[in-house]
Amino acid sequence: MLNYKFDWAIVTSGKYYEWLVSGLYVTLKLSAVSIALSFLLGLIIAMMRMSQVRPVRWFAHGYLEFFRNTPLLVQIFFWYFGSYKVLPQSVNDWLVRQDFEFAAAVIALTIYTSAFIAEDIRSGVRSIPKEQMEAARSSGFSYVGSMRYIILPQAVRLTIPPLINQFLNLMKNSSLAMTIGVMELTYQARQVESYTFKGFEAFTAATLVYLVLSFLITGLMTLYNKKVLQPIKGH
Amino acid sequence: MESGLDFKVIWENLSYFFIGRYPKGPLGGVGLTLYLAAVSLLLSFLGGLVLGLLSVSRHKYVRWCSEGIIQSIRGMPLLMVIFWMYFLMPALAGRPLPEAWTVIAALTLFTSSYMSQIVRAGIEGIPRGQMEAAISTGLSHGQAMFHIILPQALRNMIPSFVNQFVSMIKDTSLAFIVGVSELTHVATQMNNRTMLYPTEIFLFIAVIYFIMCFAFTELSRWLERRLAWRKSI
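Line by line, the protein sequences are chains A and B.
Under this note's numbering, the final residue of the first sequence carries the number 236; numbering is consecutive throughout.
Under this note's numbering, the final residue of the second sequence carries the number 243; numbering is consecutive throughout.
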């Protein structure tokens, strides 16, 4: 260890630098696609969880508990190795024509994260006092109208910080996609290590990139809390 | 492929999924998963306590340093922490180390930084008057922290700790990447060997993980209700 020669040039220029940059690009793409989809799915599941129809509510509850209490890695393996037996043939054919590793990673990340997002949305809605709904209804709003104009605008504001937190988790979790051969940042860092034996430099570079991304997202959240939430709460 | 699911491969290898080759060989499967999770949780409890106490220290440099460490680890994917440990620990020790150790170290480091936030929130949740009252009865700051504040704070943190154990069980699945033969690794091995039953194998271990994690999630909810009830009296 002591007579190890550092060679930072390999990760700041040349072929290996390009590998890492392409890894970053895949990480960002994977995260962005999964964030958008998991938000939509999370919203749907949250609505189902609050539905008046009992079987719908039960289904959403089961979905939440199952996907929250199973490791993401196992879910990734399930979609990548095992989904062909449970999906319809047409879906399988379509998936194989896509970039299958990437698609499996998106499916797993989306489903896993949507379960957490749904709970955050639900607790956002529940944190709005019941009286608000009653007041809205008694002043003539319909149920949908009071949801849309009174409850949801407030709930969304409160839900944004935990949502940003979930997006941060998703970005970090996207590193697991390397296990099925998606060439994202962690995959490339490992690749550089095995080609050059310069693991220290490769991992440092990848770690710094993750830290910058994390701090950017955390900074966004702090800014939001300061500029938007605090003025509303009035302290 | 229209033959449906065939779980025979699971029943034939059931003990391999649960305990690996134990007692003739090393412990593996569910047994090793729980072992890794329990040891790492115990160590992270200590680590989280230390980091949490440092992050509410009265000295601002201590506070800044611990905050820097906590935020850096929280900003990294766990997989990256595992690679770092896998790569650095043998280099620092100057000899090969068992992979399980590197995973325990990584899980401990990672979870400690999350636990420290729970510890800090727990300490900050105790009314300030308690500390002032303790100091005015003649205790030092440290004594007040250990005898008055922490015991109360820790009790409130119990549900969060149990929740963290659930995350820990899920996180141990990453040990697969460095070849530790816990449940996920056993499953991938079995999948590579048989080739024909990936759906059955991964569905089965998903259910096993679910049973373990859900049991502890429910325990944490029960504890939360019980502690809330006790507090109200």
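None of these hints come from the bench; they were simulated from the model.
Some hints could be false.
To be verified - Only part of the chain B face toward chain A is listed, based on derived beta-carbon distances under 7 angstroms:
(1) Phe156
(2) Phe171
(3) Thr209
(4) Arg231
Unchecked claim - Sample of chain B residues at the chain A side, in silico, Cβ under 7 angstroms:
(5) Tyr71
(6) Trp74
(7) Cys75
(8) Ile83
(9) Pro87
(10) Ser183
(11) Thr194
(12) Phe212
Claimed, not checked - Counterexamples of contact, computed for chain B against chain A with all Cβ distances above 12 angstroms:
(13) Gly14
(14) Gly41
(15) Leu149
(16) Ala197
For every residue, glycine included, the Cβ atom is placed at its ideal position computed from N, Cα and C.
Checked hints:
1. Phe156: Interface hint status for B/Phe156: violated (32 angstroms vs cutoff 7 angstroms).
2. Phe171: violated, 17 angstroms
3. Thr209: At about 4 angstroms, which falls below the 7 angstroms cut-off, the nearest Cβ of chain A leaves the hint on B/Thr209 intact, so it holds.
4. Arg231: violated, 11 angstroms
5. Tyr71: Since chain A brings no Cβ nearer than about 21 angstroms to B/Tyr71, farther than 7 angstroms, the hint is violated.
6. Trp74: Because about 15 angstroms separates B/Trp74 from the closest Cβ in chain A, which is outside the 7 angstroms limit, the hint is violated.
7. Cys75: Violated, about 16 angstroms.
8. Ile83: Cβ of B/Ile83 sits 10 angstroms from chain A, so the hint is violated.
9. Pro87: holds, 4 angstroms
10. Ser183: Result: holds, 4 angstroms to nearest chain A Cβ.
11. Thr194: Result: holds, 6 angstroms to nearest chain A Cβ.
12. Phe212: Cβ of B/Phe212 sits 4 angstroms from chain A, so the hint holds.
13. Gly14: Contrary to the label, B/Gly14 does not stay out of reach of chain A, its closest Cβ about 8 angstroms off (not over 12 angstroms).
14. Gly41: holds, 17 angstroms
15. Leu149: holds, 32 angstroms
16. Ala197: The assertion about B/Ala197 is violated, with a minimum of 7 angstroms to chain A.
In summary, the structure is inconsistent with hints 1, 2, 4, 5, 6, 7, 8, 13, 16 from the numbered list given earlier, while agreeing with the others.
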